[in-house]
Every structure is written in C-alpha cells, then in structure tokens.
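Undergrad: Residue-level listing of the chains:
There are 2 protein chains.
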Amino acid sequence: MAKGNEFSGRLEWRINVPNGTSKTLVPESGIIQKSCRRLQDVVVGITLGIWSFLHKAWEIGVNEPKKFFHCLKVGMALSLVSLFYYMRPLYDGYGTNAMWAVMTVVVVFEYTVGATLCKCVNRAIATFLAGSLGIGVHWVANQCGEKFEPIVLDFSVFLLAAAATFFRFIPSVKARFDYGLLIFILTFSLVSVSGYRVDKLFEMAHQRLSTIAIGVSICIITSMLLCPVWAGQELYSLINRNLEKLADSLDGCVAEYFTDDDTKEDSSKNLQGYKCVLNSKATEESMANFARWEPAHGRFNFRHPWKQYLKIGSSMRSCAYYIETLNGCISSEIQAPESLKKHFNDVCMRLSSHSSNVLKELGNTMKSMTKSSKTESSVREMNFTVQELQSALKSLPYQLALFTSPALEASNNGKDEAPTEPSKVPLLEILPVTTVASLLIEIAARIEGIVEEVDELANQAEFKPASKKGSKEPAK
Amino acid sequence: MAKGNEFSGRLEWRINVPNGTSKTLVPESGIIQKSCRRLQDVVVGITLGIWSFLHKAWEIGVNEPKKFFHCLKVGMALSLVSLFYYMRPLYDGYGTNAMWAVMTVVVVFEYTVGATLCKCVNRAIATFLAGSLGIGVHWVANQCGEKFEPIVLDFSVFLLAAAATFFRFIPSVKARFDYGLLIFILTFSLVSVSGYRVDKLFEMAHQRLSTIAIGVSICIITSMLLCPVWAGQELYSLINRNLEKLADSLDGCVAEYFTDDDTKEDSSKNLQGYKCVLNSKATEESMANFARWEPAHGRFNFRHPWKQYLKIGSSMRSCAYYIETLNGCISSEIQAPESLKKHFNDVCMRLSSHSSNVLKELGNTMKSMTKSSKTESSVREMNFTVQELQSALKSLPYQLALFTSPALEASNNGKDEAPTEPSKVPLLEILPVTTVASLLIEIAARIEGIVEEVDELANQAEFKPASKKGSKEPAK
Chain A
19 MAKGNEFSGR LEWRINVPNG TSKTLVPESG IIQKSCRRLQ DVVVGITLGI WSFLHKAWEI
79 GVNEPKKFFH CLKVGMALSL VSLFYYMRPL YDGYGTNAMW AVMTVVVVFE YTVGATLCKC
139 VNRAIATFLA GSLGIGVHWV ANQCGEKFEP IVLDFSVFLL AAAATFFRFI PSVKARFDYG
199 LLIFILTFSL VSVSGYRVDK LFEMAHQRLS TIAIGVSICI ITSMLLCPVW AGQELYSLIN
259 RNLEKLADSL DGCVAEYFTD DDTKEDSSKN LQGYKCVLNS KATEESMANF ARWEPAHGRF
319 NFRHPWKQYL KIGSSMRSCA YYIETLNGCI SSEIQAPESL KKHFNDVCMR LSSHSSNVLK
379 ELGNTMKSMT KSSKTESSVR EMNFTVQELQ SALKSLPYQL ALFTSPALEA SNNGKDEAPT
439 EPSKVPLLEI LPVTTVASLL IEIAARIEGI VEEVDELANQ AEFKPASKKG SKEPAK
Chain B
19 MAKGNEFSGR LEWRINVPNG TSKTLVPESG IIQKSCRRLQ DVVVGITLGI WSFLHKAWEI
79 GVNEPKKFFH CLKVGMALSL VSLFYYMRPL YDGYGTNAMW AVMTVVVVFE YTVGATLCKC
139 VNRAIATFLA GSLGIGVHWV ANQCGEKFEP IVLDFSVFLL AAAATFFRFI PSVKARFDYG
199 LLIFILTFSL VSVSGYRVDK LFEMAHQRLS TIAIGVSICI ITSMLLCPVW AGQELYSLIN
259 RNLEKLADSL DGCVAEYFTD DDTKEDSSKN LQGYKCVLNS KATEESMANF ARWEPAHGRF
319 NFRHPWKQYL KIGSSMRSCA YYIETLNGCI SSEIQAPESL KKHFNDVCMR LSSHSSNVLK
379 ELGNTMKSMT KSSKTESSVR EMNFTVQELQ SALKSLPYQL ALFTSPALEA SNNGKDEAPT
439 EPSKVPLLEI LPVTTVASLL IEIAARIEGI VEEVDELANQ AEFKPASKKG SKEPAK
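Heads up: the protein sequence lines correspond to chains A and B, in order. Just so you know, we're using the numbering used here here: the first sequence kicks off at 19 and counts up by one. Just so you know, we're using the numbering used here here: the second sequence kicks off at 19 and counts up by one.
By construction, these hints were calculated from the structure, which means they are not laboratory data. Small disclaimer: the values here were computed from a predicted structure and weren't measured. Watch out, some of these pointers could steer you wrong.
The list makes no distinction among identical chains, and a pair is therefore deemed to hold if it is satisfied within one copy or across any two copies.
In silico PhoX-like pairs for lysine-lysine, Cα to Cα no more than 20 angstroms straight-line [said to hold, decoys possible]:
1) K359 to K412
2) K165 to K52
3) K392 to K84
4) K325 to K299
5) K293 to K329
6) K299 to K482
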C-alpha cells in the first residue's frame, strides 16, 4: 500500500497498464519496459490487423468463389500476354510497343464480361479515332511550317482534351463512353506529342493497334471462356435476391409486431434484408449498363430488356421505403394494447403473408422465366385481404367502446346495444396499429406496382406462358 | 372519297405520313419519295439529337461553371506537359519515357483536388513499390539461370497480379487504394517483362519516376491553384443543400395535404427535393473518401471529421424515407373529410413548420460553423408541438362523434354533453389524417437524430459557440 501512495501521482500509468504488476511502475526500469510494452502493443495491433484483414479476404474467397476465380483469370491473362513478350519473334516485330498489350490487359480486364467488353470496344474505337485524328492534325501542323507546328499541336491538344473532358460530364455519355473518352484524350495527346519527334507515325499506329488487339483478344477470350461472370446474370440474380429479401423482411416485420416474444428469434434475422434493396440502385444501374454490351448468354438473348430490370428495381425500392417506415413504427415506443393487436392480428398477418406470397410468386416468374398463372390469383387474394383489413378498420370505432371499458364489456357482453356514453378512448393508443395497417395497405399497392413492372418484363422478354406443370390450374 | 376507297388497303401508309398529300401514296413515285422522307427523318432525327445534346452540354456549362473550368484546366495541364515534351533538352534526357508524363496527367487529373491527390499518391507509391519489387524479382530470376528466368518472372507476374486483384475486392482497400493496386499490377508486369530485354533497369526506373513526378506536380499545381474544387467543400455543400431540400419537402408535403388547391402551386415545386437525399449516398461516400486526402482549405483543417458527414447524411436519409411515405399517403386515393382535416390543420402545419425550422437552424449551424443557441429552443418547440399533436389525437374519439353527425353537431353545439349513442364512424375515413399525424411525429423523432449527429459534428470539428450577433438570445 506504501508503494501505492508513492505512485499515486502517476495513477494514469497504472490505468494504462492494467495487467502489469506494480514493478512496472518503478521509474528506472519503467521507461524501457514501457517502450517494450508499447512495441508489443504495436506488434500485437499489426498482427491482429493483418489477421482480421486476411480473415476478411478468406471470407470473400469462400463466400464468393467467382471473385477468387476472377483473380486467377487476371493473373493468367497477364502471364499469357507476358509469354507473348518473352517470345523473341513477337518482340522483334513490335519492339517496346509490346508493353501496350500488357497495359491493355491490366486496364481493360474487369470482373464482368460486359464491363470488359465495354472497355475493350471503347479502347479500340477511341484509339483508332484519336490516332487518325492525331495523324490528321499532325499533317495540318506540318503544313504550317516549323515555327507554328508546336503551337498548332499544343492548341489542338488543349482544345480536344477540354472538349472530351466536358463530354465526360454528360451523364448519358459518361455511363457508356467514359473510358473511351479518357483513352481518346490519352491517345490523341500521345500521337500529337510523339509525332513531333518520331516520323514513323503510321508504323507506330499500326503497331499500337495490333498490340492492343492482342491484349483485347486475350482479355475477351479469358473473361468469356473461363468461368465467365455475366453482368446480365448478376443483375438478374440481384433482382431475384432482392425480391426474396423484400418478402422475408415484410413477413418478418409484421410477425415481429404481432407475435409473442418467444417466436421473434426466427424472424428477426431476415428483418434487415430490405436495406439491401434500398442501397442497390448504383449496382443495378452499372450492371444494366454493362449487360447491354454482352452477347446472348444462358437464357438471355442479345437484346434482352435490361432497362426494365431498373424499373423493377426502382418499384422495389419504393416498396422498401414503406417497409423501412413500417420497421420504424414497429420499434416505436408507443405500443398498442394487446387486445387491439389481437383484433388486427389475424387479418394483418394474412395480408402480409399474401403480399409476400405475391413477391415470392414474382420471384418464381423471374426464376423460371415463365409467366406464372398463380400471380394473378395471389394478387387477387392480396387485394381481397386489403378489403378485409379495410372493413376491419371500418368496424373499429364500435369495437373501441368495447375494448376500452372492460367492466362495461363484461356487463354488455353479447348485447348489440352500445354503452350509453361515447367512449373517450385515447386514439393515440390505437394509432400504432392503424398506422401499421394503413402502411400494409400502401405496401400492397406498391407490390402491385412491382407486379406491373414484372409483367412488362415478361412481355418485353417474351417469357413463355405458364406450362401445366408450373401452375396448379390447368393451362388454357 | 373515291381515292380514299382506292387506297383503303394501304391505310397504314396514310397514318405514317399524316402531313403528306394523297399524291405521295401513288406507288411509282412513292418508293423514291418514301426513301427521301426516311432520309429526311433520319437527318432531322440526327440534327435534333445533336441539338439536344449540345443544349444539355450548354446547360451543364451554364449551371455548373466549375465543371467548365475543370475542362479548361485539363486542357491546360495537358498542353503544359506537351510543351515540356517539345523542348528538346527534356526529350533528350528522358527519351520516349516522357510520354509517361502525358499519361500521368491524363489518367490522374480528376474533378476534385482530393481525388487528384488520392490518385497521385497512389500512383507514386505504387510505382515505387512495384518498381522495387520488380527489380528484386528480376534479380532473383537472374540467379536461377537463363532457362528458368522467364518461368520465374511469369509465375511472379501471375501470383502478384492475382493477389493484388483480390485485394481490390475488399471494400476498405478498394475505397482508398484501388487505383494504387491497378498501377502496382501494371508497373510490376511492365518492369518484369521489360527487364528481360532491357538491361538498364535502374536508369529506366529513375526516368519513369521523374517523368511521373513531372506529371504529378503539374496536376497538383493546376488542380490546387486554379479554381480548385475541394471534395470536402463539395460534401459540405451537398449536406447543406440536402438539409434545405428536406425542410422544403416536409413543408411542401404537409402544405399540399392541408391547404386548398389554390395555394398548391408554390409548394409543389419543392416537393421532390427529398429524392435527392435518398439518392446521394454514393456521392457522399466518395466525396468523404476523397476529402480525407485534402490539405487544410477554407474553413476546414486537415483532420476535419469528414466521416461525421456520412452519419449526418445517413440520418437525413432515414428521415427522407418517412417523407417519401408521407408523400405516398398524401397522394393516396382515400382522403379524409375536410372537417377532420381542419381539426388537425393547425397543429400539423405548426409541427411541420417547427420541424423544418429545426432543419433550417441546423443548416445555419452548418453554414456559419457556429453552435447555434437557437437549435435547442427550436427542438423544444418541435417537441412541444409533438405533444400538442398527441393530445389532439387523444381527444379525437370524442370529436369524432361530433364530426360524423352534422345534425347532432348542430343541435349539440355549445353543449358539453356528448350524444347518447356511440358513433359508428368508419375509422377508415380518419385513418389518412392520423397516419399523416403519426408520420409527422416519427419525422420529428428522426429530425432529433439529425440534430444529435450535427451536434456531434460541432463537437468534433470544434465549431465556435454562438456569438451575440448570431442568436436572438443574449449570449451567456
């Protein structure tokens, strides 16, 4: 305890090293030990950081083997193109220009086939256009005499770079030709600059184009033939997954609200799925954009209406906003009395299950790519339950009188006559339930919006009509 | 009419050319005229397309002059770096490596200073690391004998490219070092490939690094000194703008619901502002990411808590979801009776105006970067109005009896006694209003969440306390 008093002025030291013995507080050896401990902490911190990083990396590898294969593909494409380079005949032919093949592979190889194709086409066309324009401008500059040549070239670089950069700001251009415009600026600058020195412009252009062609073909072959990741397929799976998540969240939310605490465990895990729907806009847009570049693959032909998927996604989001609000109402502090909840329990649960059934049916339509005859009947069921819920709401004021005066309820039980005084029920108590109910009705309306968009997709993509096997009803 | 009969079989022709005279339907000259017309249509279509495109471009230039200046800056940086190239001494020193300076400028120059700095640092470090590693691997490969050299080199390219590509999938790495990893793969492949041929590796590395340094410094100087666009400033303005839009939308929505048709015109233009808040997540994240690279500028120091802006943005989005729902309820088909609306009109309008006042006050806090003493009182007012609305809701069942039987209302007017029979009011009719009211209460709760996040920002960024001038109350 004497030691404790001695070092009372350095209490913060002790707090910093809560596991240390009191020996560590002796000033002489303290400094060394402290720095040792710091070093140890740093080493432990770094080790833990690397460990958690590797763990995260391992998880990505295990959960998304496609990404792992993509890495191997990039490595393979690069070592392939390097092999080209190691072979002397090719090197002799193309000289240092061969590095453009390596560069093309590194820059152009993307995760999805669509993105790779988009970049390849952009790169090839932009290089060709900018090369031709560069040579043209170079010829014009040559005509202007030696004095004006650099000025003309420099001014043309300024003008074209500024114009191309400006076009990159226009959203519709940016979505499709952003990379092309970048390569256009790059190639034009390089050609007009190097043209001033190197006189073999045409030869250089030819070499550049053929090395880029080598790089591009290696990229396209590797990305299309070895475990291809199609942007279209990814978009399709994303929309399907989101439909499922939306259905699960809706079910989960309503179940959480109306059922007892014991059964909550199961539903809560699916509760947050709708958040993925809220945040998937950017992914959907880029996927749809890349999917347009892809050739026919799997069940999708070349002109598959990818834009319609964006509309489905957008209508799903507008439904997800309501589920977010519903979720907020459910976790609100003001909770309705149990008796009132019971009144709505049955019809709300039925409405949510019918609504999520419609979503699941849409998921089936999407998955099987056949028009499901069951969708119509599930929508009908959903709408019927909406009407039921509405009549349950209509009948509520009368019920209120019963609910809120248990004594009266007991005495009046079975009588049709109402109590003689109007009930001064705090509406605030019934409000949470009625809000949940009206949100459910709105959600049903939004789900009809999704149904319309999926129907439109089915028409545009010419989904097969439902077969006998697929539907319970006999096919017409 | 006879002519009409004659061509009745080609009615669709007439529909296609509604402005044409009947002469155009004569088959002989029809084909030529038809193709003329097609050509004309195509030309008109192209002209219109180009016109609308230029119009869009012009609009961007006029509305966002910063973007226009950025284009000029890119052009200037490129012509500057080309000028370097035209000067023979530099060319003699660096040879064809000088093109790396051009390439660096094209690829690295971004719209915001933060993005440019991020790319510059990434490029410089990645080039240095990959270069050193490449030379190291090249030395190891050299020791393995001429036969194994290409194999070792090729395998190392495969391994490192695959590993670096994998790291690009990890979100935290991707956000900050995506470009660096790309350049790492590129440089390592180029060094190990060209090292096999060119023996002057060190000289090349030196040249590469110095040309990149030229490009990088031109980029940094141009982007930071000429009308700099700071990512931090952009993020700050975006959050401020969104706060305003949220306030306007809230006001607009509630006003649209409760006021007459005559005054709707003014409010509806601001109604859709909250949609920008819903969709700004990706922009906010990338801006916050780039802002971290920026040095102190304007009112922001180097370690400004940019991450806190993301939290503010996220709490604003959770509020915007409710406004979206509110907007849906307002445009819903079922509308409450006017008498009921009037009951809530006053208190709802006050709540919405107090709520939007809080938002505007937060906007002022952000704009002036001083803790506003008014915020607290506006929050208090808002919460007080929430309580008023809650008591308005509590008193509703009693009111219902009055509203729904106008005859009774007339006879009972002024009396405290309630009607003798409980009212069988369709709750469905009052539901829209109560839902709007409960959404408004939830929105107020979400706004308190925004207040907390802004307070946290004020603490982290050490906003000045409110001055005498800034607040109506005397400073303590």
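Undergrad: Indicate, hint by hint, whether the structure satisfies it.
TA: Now for the hints, and whether the structure bears them out:
When the C-alpha separation of K359 and K412 is checked against a cutoff of 20 angstroms, the pair qualifies both within a copy, at 15 angstroms, and between copies, at 18 angstroms. For the homomeric pair K165 and K52, neither the shortest alpha-carbon distance inside one copy (70 angstroms) nor that between copies (53 angstroms) is at most 20 angstroms. In this assembly of identical chains, K392 and K84 lie within 20 angstroms of each other by CA distance neither inside one copy nor across copies; the values are 34 angstroms within and 55 angstroms between. Taking CA atoms no more than 20 angstroms apart as the test, K325 paired with K299 passes inside one copy only; the shortest distance there is 13 angstroms, against 22 angstroms between copies.
With identical chains, the CA atoms of K293 and K329 are at most 20 angstroms apart both within one copy (18 angstroms) and between copies (16 angstroms). For the identical chains of this complex, K299 and K482 are neighbours neither inside a copy (28 angstroms) nor across copies (38 angstroms), given an alpha-carbon limit of 20 angstroms.
In this structure, the hints that do not hold are numbers 2, 3, 6, in rising order.
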